[in-house]
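Residue numbers (our numbering), protein chains in the order written: chain A, 1 to 181; chain B, 182 to 386.
Don't take each hint at face value.
[As the list claims (entries may be wrong)] Among the chain A residues that face chain B by a calculated CB cut under 7 angstroms, a handful are: (1) Val3; (2) Leu7; (3) Ala64; (4) Gly68; (5) Ser80; (6) Lys141; (7) Asn142.
To be clear, the hints were calculated from the coordinates, so they are not data collected in a lab. Backbone N, C-alpha and C define an ideal beta-carbon position, used for all residues, glycine too.
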Amino acid sequence: MSVRDMLLIALFAGIIAALGLLPPINLPLAGGVPITAQSLGVTLAGVMLGAQRGALAAALFLIAVALGAPLLAGGRGGISVFTGPTAGFILGFVPAAFVTGWLFEAWSARLGVFLEATTAALIGGYLVLNLLGIPVLAWIKNQTFREAGAVALTLLPGGVLKAVATGVVGYLAEGLGTRRG
Amino acid sequence: MISGYLARGTPLHCVPAGAKLTALALLSLALLPVDDWRLLAAGLCLVLAVYAALGREALRRIALLRPFLILFAIIAAFQLLTATWQDAAASILRLVLMILLADLVTMTTRMQDMMAALMPVLKLLGFSAASRKKLSLMVSLAVRFVPLLAENWNARDEAWRARSGRRAPLRQVAPFLAETLRTSDHIAEALDARGFAANRGRRSK
Chain A
1 MSVRDMLLIA LFAGIIAALG LLPPINLPLA GGVPITAQSL GVTLAGVMLG
51 AQRGALAAAL FLIAVALGAP LLAGGRGGIS VFTGPTAGFI LGFVPAAFVT
101 GWLFEAWSAR LGVFLEATTA ALIGGYLVLN LLGIPVLAWI KNQTFREAGA
151 VALTLLPGGV LKAVATGVVG YLAEGLGTRR G
Chain B
182 MISGYLARGT PLHCVPAGAK LTALALLSLA LLPVDDWRLL AAGLCLVLAV
232 YAALGREALR RIALLRPFLI LFAIIAAFQL LTATWQDAAA SILRLVLMIL
282 LADLVTMTTR MQDMMAALMP VLKLLGFSAA SRKKLSLMVS LAVRFVPLLA
332 ENWNARDEAW RARSGRRAPL RQVAPFLAET LRTSDHIAEA LDARGFAANR
382 GRRSK
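The task is simple: from the sequences and hints, build the whole structure.
Okay, structure coming up:
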């Protein structure tokens, strides 16, 4: 890993953290899962850095949180977030970034950057994240399959919005020639 | 600098980070099988007493749990539907207890000490001395990037406002990203120029 790669990984870990400064939305329907811009940072890291470095950026962010930096949306941090009810979503950041980056890399410019990045972000940032986050939540809450499905549906509009935002940024970055893919 | 750390020294600050983390891990493991709500309630009172002993600032940290209140209420409601109230009370109490215990460690340990406590674990996992040093630098860089990003965006927003009277449009994200990536490259060059040999981790003098 070059020094430049190290800095890019640290930068995107910082971007994930900075997006947590935007206030989260708490919907009772979402079963206590806050809707935040943080997962947008995760998919952005995947699209801009690729699978490996994107996943490393998400992992670095989690290490900083575990060490006590209150960087999760809503100002949470420390080890307690990994034993809390939303632990599955938080730990899911790493595979989410990886899948997003991997899908985006695998497509290699046939659909156009915007569509590719949006689809990759939707699968990585919404599907993968919920597949990991919701079972943990349902397990802690003793939920049925249906109730868990309701949570996933509530999170869908935000997920689509964030995927489109990833697509837009990926498209803009391509135009500038700054994508580090 | 932003941190969950309590700046004022308390007796718990003096306990080494490794010991606190080990105690936390053991306590959490011990708590998992406990199903008796009375035991858990007693534990919670004990932990709250520790918070109170640490001072008012520590007690104020408990307010940070507020976003979880809805979640706790929902969990309790579900549990009441499917199980007895004793089970419901036990699961909520256990959750709160584990979160408060972990926050106790976070509040009384500096990030550097946490990082230092992590090092032996990383060594066991097969990280070389060089990559451990790299990791701790990257954590510091990532944390430092957060206020830097916020400052850069605010500067851009102010410049836009001064000229148009409106907020910077989302279109500005593209040049902002370009500027940010350039900054990161500059820092990489600066580190290289000062002999931070990332590939070998050798300290040059």
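Outcome of the hint check:
Nearest Cβ of chain B to the Cβ of valine 3 (chain A): about 4 angstroms, under the 7 angstroms cut. The hint holds. Look at leucine 7 (chain A): its Cβ gets to within about 4 angstroms of chain B, closer than 7 angstroms, so that hint holds up. Given the 7 angstroms rule on beta carbons, the hint for alanine 64 (chain A) holds: about 5 angstroms separates it from the nearest Cβ of chain B. This hint holds: glycine 68 (chain A) has a C-beta 4 angstroms from the nearest C-beta of chain B, less than the 7 angstroms allowed.
The closest approach between the C-beta of serine 80 (chain A) and any C-beta of chain B is roughly 3 angstroms, which is under the 7 angstroms cut-off, so the hint is satisfied. At a threshold of 7 angstroms, the smallest CB-CB gap from lysine 141 (chain A) to chain B is about 5 angstroms, leaving the interface hint in force. With a cut of 7 angstroms, the hint placing asparagine 142 (chain A) at the interface with chain B holds, because the nearest CB-to-CB distance is about 6 angstroms.
In summary, this structure violates none of the numbered hints.
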